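J.: The residues making up each chain are set out below.
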Amino acid sequence: MPSILTCLVAKRLGDPSRSTTKETYALRDFAASVLSLVLDRFSASYSTLKPRITRALLKAYLDNKKPFTTHYGAITGLRVMGREVVRSLVVPNLKIYGDMLLQPALSEGDASQRFDAEKVLEAITVRNLRYKS
Amino acid sequence: MEVEIGDEQVEKLKELLGDTIAGHLLQKPNEALIAELLALQ
Chain B
1 MPSILTCLVA KRLGDPSRST TKETYALRDF AASVLSLVLD RFSASYSTLK PRITRALLKA
61 YLDNKKPFTT HYGAITGLRV MGREVVRSLV VPNLKIYGDM LLQPALSEGD ASQRFDAEKV
121 LEAITVRNLR YKS
Chain Y
1001 MEVEIGDEQV EKLKELLGDT IAGHLLQKPN EALIAELLAL Q
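Sequence order for the protein chains is B and Y. Each residue of the first sequence is one higher than the one before, starting from 1 at the first, in this note's numbering. Each residue of the second sequence is one higher than the one before, starting from 1001 at the first, in this note's numbering.
Worth flagging that the hints you see were computed from the coordinates, not collected in a lab. Because the structure is a prediction, the values reported are computed rather than measured. For glycine and all other residues, C-beta sits at the position ideal for the given N, C-alpha and C. Just to be clear, a hint being listed does not mean it is correct.
Derived EDC-like pairs: lysine to aspartate or glutamate, alpha-carbon spacing no greater than 16 Å straight-line [as the list claims (entries may be wrong)]: (1) Lys-95/B - Glu-1015/Y; (2) Lys-95/B - Glu-1011/Y; (3) Lys-95/B - Asp-1019/Y; (4) Lys-1028/Y - Glu-23/B; (5) Lys-1028/Y - Glu-122/B; (6) Lys-22/B - Glu-122/B; (7) Lys-1012/Y - Glu-1036/Y; (8) Lys-50/B - Glu-23/B; (9) Lys-95/B - Asp-63/B; (10) Lys-1028/Y - Glu-1004/Y; (11) Lys-1014/Y - Asp-99/B; (12) Lys-1014/Y - Glu-1036/Y; (13) Lys-11/B - Asp-29/B; (14) Lys-11/B - Glu-23/B; (15) Lys-1012/Y - Glu-1031/Y; (16) Lys-11/B - Asp-63/B; (17) Lys-50/B - Asp-63/B; (18) Lys-22/B - Glu-118/B.
Ranges between beta-carbon positions, derived for each pair [as the list claims (entries may be wrong)]: (19) Leu-1040/Y - Glu-122/B: 35 to 43 Å; (20) Lys-1028/Y - Gln-113/B: 20 to 28 Å; (21) Asp-1007/Y - Leu-49/B: 40 to 48 Å; (22) Glu-1011/Y - Arg-55/B: 31 to 39 Å; (23) Gly-1023/Y - Val-34/B: 30 to 38 Å; (24) Glu-1015/Y - Leu-62/B: 16 to 24 Å; (25) Glu-1004/Y - Glu-23/B: 35 to 43 Å; (26) Asp-63/B - Leu-1040/Y: 20 to 28 Å; (27) Val-1010/Y - Tyr-46/B: 24 to 32 Å; (28) Arg-12/B - Val-1010/Y: 14 to 22 Å; (29) Lys-22/B - Lys-1012/Y: 16 to 24 Å; (30) Lys-65/B - Asp-1019/Y: 18 to 26 Å; (31) Glu-1015/Y - Ser-3/B: 37 to 45 Å; (32) Arg-52/B - Glu-1011/Y: 36 to 44 Å.
Coverage of chain B stretches by chain Y, computed from C-beta distances (three or more under 8 Å per stretch; other residues unrestricted) [claimed, not checked]: (33) 42–50; (34) 63–70; (35) 84–96.
I would like the entire structure built from these sequences, with the hints used as guidance.
T.: See the structure below:
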């Protein structure tokens, strides 16, 4: 599980000279899908697994000192946790998150910051806050 | 799931998501997602 979470929320993944930004986001998406499989398989046996992962991802999502890459992974991972987690933990924080963090980056950030902020927006909207039922 | 996106729905989305995220969402409306979000309120 630690390696899955690292691939999901690490500030940087891989060697920037050898892996593209697109590849690192693809790795975060893949880590979320592996997380989903692990939870499907083991959360019934380990009752504290899902709450512990949820807490770790929520902490990353709500930390405004973390980069957008981490927030992207945290939101993508929290979506895997299910509808109730999205409803109760993700959505209530979106307003302040968007207006306090995304907006400044989109309007005043450099190209890299704007790209990462757009990816977070994509995780929230285009890709749907989609969750398992 | 589909929803009519009128002024009332836009205001509700802005209230729920803030101007930045609601604005982005409304640029490329995803009716199913908007319906789910409005249902959360």
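J.: Tell me the numbers of any earlier hints that the structure contravenes, in ascending order.
T.: 4, 8, 17, 19, 27, 28, 29, 33 and 34
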